[in-house]
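S.K.: Residue numbers (our numbering), protein chains in the order written: chain A, 1 to 176; chain B, 1 to 250; chain C, 1 to 353.
Hints in this document: simulated from the structure, not taken from any laboratory.
Treat the hints with caution; some may be incorrect.
[Unchecked claim] When the alpha-carbon atoms are kept at most 30 angstroms apart in a straight line, the in silico DSS-like pairs for lysine-lysine are as follows: (1) C/K204 / B/K7; (2) C/K202 / B/K189; (3) C/K353 / C/K293; (4) C/K274 / A/K87; (5) C/K270 / A/K31; (6) C/K160 / B/K43; (7) C/K4 / A/K153; (8) B/K189 / C/K204; (9) A/K31 / C/K192; (10) C/K46 / B/K202; (11) A/K87 / A/K101; (12) B/K189 / B/K202; (13) B/K192 / C/K202; (14) A/K86 / C/K346; (15) C/K214 / A/K87; (16) C/K293 / A/K86; (17) B/K7 / C/K4; (18) B/K43 / C/K347; (19) C/K202 / B/K7; (20) C/K4 / A/K149; (21) B/K43 / C/K192; (22) A/K86 / C/K350; (23) C/K46 / A/K153.
[Stated by the list, open to error] Partial selection, computed: residues in chain B whose CB lies under 8 angstroms from chain C: (24) E41; (25) K152; (26) G155; (27) K182.
[To be verified] Computed footprint of chain A on chain C, listed as stretches where at least three residues anywhere in the stretch have a Cβ under 8 angstroms from a Cβ of chain A: (28) 19–25; (29) 42–49; (30) 329–338.
Source: prediction; values computed, not measured.
Ideal Cβ placement from N, Cα and C applies to all residues, glycine included.
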Amino acid sequence: MTVELLFSGFGGQGILFAGKFMAYKGLIDDKNVSWLPSYGPEMRGGTASCSVIISDGNVGSPIVSAPDILIAMNLPSLDKYEGSVKKGGKIFVDSTLVERKINRDDVEAYYIPATQLASENNMPTLANMIIVGKVLSVIGSFGGESVLKALSKVISAKHADMLEINKRAMEIGAAL
Amino acid sequence: MAVVFDKPHALCDVPFHYCPGCTHGIVHRLVAEVIDELGIEGKTIGIAPVGCSVMAYDYFECDMIEAAHGRAPAVATGVKRANPNNIVFTYQGDGDLASIGTAETVHAAARNENITVIFINNAIYGMTGGQMAPTSLPGQVTQTSPYGRDPKLCGYPVRVCEMLSELEGPEYLERVTVNSVKNVKNAKKAIKKAFQNQIDGKGFSLIEVVSSCPTNWGMTPENALKWIDTNMLPYYPLGVYKDRSNKEGK
Amino acid sequence: MAEKVLMKGNEAIAEAAIMAGCRHYFGYPITPQTEVAAYMAKRMPKIGGTFLQAESEIAAINMVYGVASAGLRSMTSSSSPGISLKGEGLSYMAGADLPCLVVNVQRGGPGLGGIQPSQSDYFQATRGGGHGDYHMIVLAPASVQEMAELTVKGFELADKYRMTSMILADGTMGQMMEPVSLDFDIAPPPEKPWATTGTGMKRKHNIINSLYLKPEELERGNFERYKKYAEIEKNEARAEEYLTEDAEIIIAAFGIAARVSKNAIDAARKEGIKVGMIRPITLWPFPKEVFKKTTSTAKRYISVELSMGQMIEDVQIATEFKAPVDLCNRVGGMIPDPDMVLEAIKKAAKEVK
């Protein structure tokens, strides 16, 4: 089985980080994975996206042009990628920042007020991981050791104090 | 019989290809004498440029590398970084060092790269037959400035020692010439210091040697040496431009 | 086997180079390969190596020329416009028979072009890139694992044949992360008695040089070099074949284009189309024999490229013009998607019916 994910939003929202976490989790779960960022002159505030593929087989093209799962953390991202999601796919929207509903009825939508939850829980930079928690619980792969292991791979030892709060953010998402 | 004059060991026993009266021969000899006196031939690597001294690799007994035009300081950087115990010198003309290789020169100096640069300034492109150099004097007639170098059209000559002396990096910059016995002796002293600096790990030393090119200047060798005094030195004054260890310099 | 870690392609190249014994890196920042320099800047000081940000691409390749003259493994990396600047140095490296590794993480051109992935430096790489008669060994990784493996291989081949190896990657290969196992058998570099390390007053001086003013001598050097190239063409050409045994249609693609094509081939096979792929791993030497042996069964070829059609010429030559070769391409930083390649396969399938 192959799951193709597309993470998208503003630069600075932790889009690439969230994707990287997902890829590492896949690796720890013994899958083949790839992670490919959009790259450009933007640093902060521009658009950011990354393709993540998790597969039991070999990963062919690392470019996700028709995702099974779209994470849209801002309106431009939803506008741009909504149409590309596979029929029967899933779209996760940060409903704090995106006011509209999705326009399709052949995909499942999940509206998560992630930015608001992050701010309420005193973790303003972790809206991304709240959504990731929800994604994992929806596809049934939340929990287990691999979540913490993957976190420890993407969070450098220097920032080890961030491990716990990242985990908590995901739990908040998963509990929704 | 007492030997009163001999070839330095560091100089190969082959005839130079240089024109009669050219001062390259003198400077080659000075470099070789210094290598002998410092006892460094076995660990010295020379970098030849593109220009009249392109075949310098055939004239020095130490290991030699022929570099692309202007790139000798970059090549020297690589050699020195690879084997810091080697003594690395470049031998470059004015076109090589001050025109096509300006960036390599400036940045090797800025990094205070621990190398020795011998810079031959004869205000002309000799190898290609006498074209305007970055150091050709205002009004100087060359094949590509047939009406005399017009600063309005092609700018002013580059004074390398003065330019580099503005940098924090380099250790030692001196301009010498070789048009008299006294000047030759001074030149040797400077060249020796430039090598000694490297041995002592002090960094980038450049000796600019104001030289003659009788063939392309269209003069007798003797007149060419005089022309250095009358025309070159007023524009390119001799002296130490930077010497960090002595805090001297103009 | 070493534990697999997720790494960017650019970082995998840098780490593999260090493992291969490269202790001298010179570069200049340019997107999308800057991670190589950044990685080296971090690692080299800790292992007693040299990282130097050169004043230009030209200076960087000439610093490599200096280290290579001294007999040590050295490398530089850049992206397309920077590789053009290195063209001079590449030619001199060839003329002086010096080994080194050069990495080109390609972006769209010509000119300043863009910063998105491209394969449009194929001609430049496989035909030499600078002036004069010469080749470089050109390696085309299609995964992060291969970015690392071919870096090691590149150093080994460079030393073996005393010439430049080039990694011809692209922006996606440089930027993407995949699991990598950095577990290589690395043979120590060969002796280099020709290197300029100082005579020690024990031998005649060594000279590293590419100037030969006597045409007979220069000609002899060229002939000798091409004898070596013939050996390399015989021994070092490599390709991966994918479902080619029964294929009526064969895709030729390398790097990211091969990754995309694999998806399209899998989809086409589900529709019963007999299609396969030859993925050159060495672009020079081009794996001619692998292509040639398919001409008895394949009726049509498709060259999938991120260029206006450069490798297609080598495919035509390798297949001896026995079958048509279509071009399926995007350029300027655009990448063909699997659907586009699938369409090209279907079109070809109609032709071979």
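S.K.: Of the numbered hints stated earlier in the document, which are not met by this structure?
M.R.: 9, 15, 16, 17, 18, 25, 26, 27, 28 and 29
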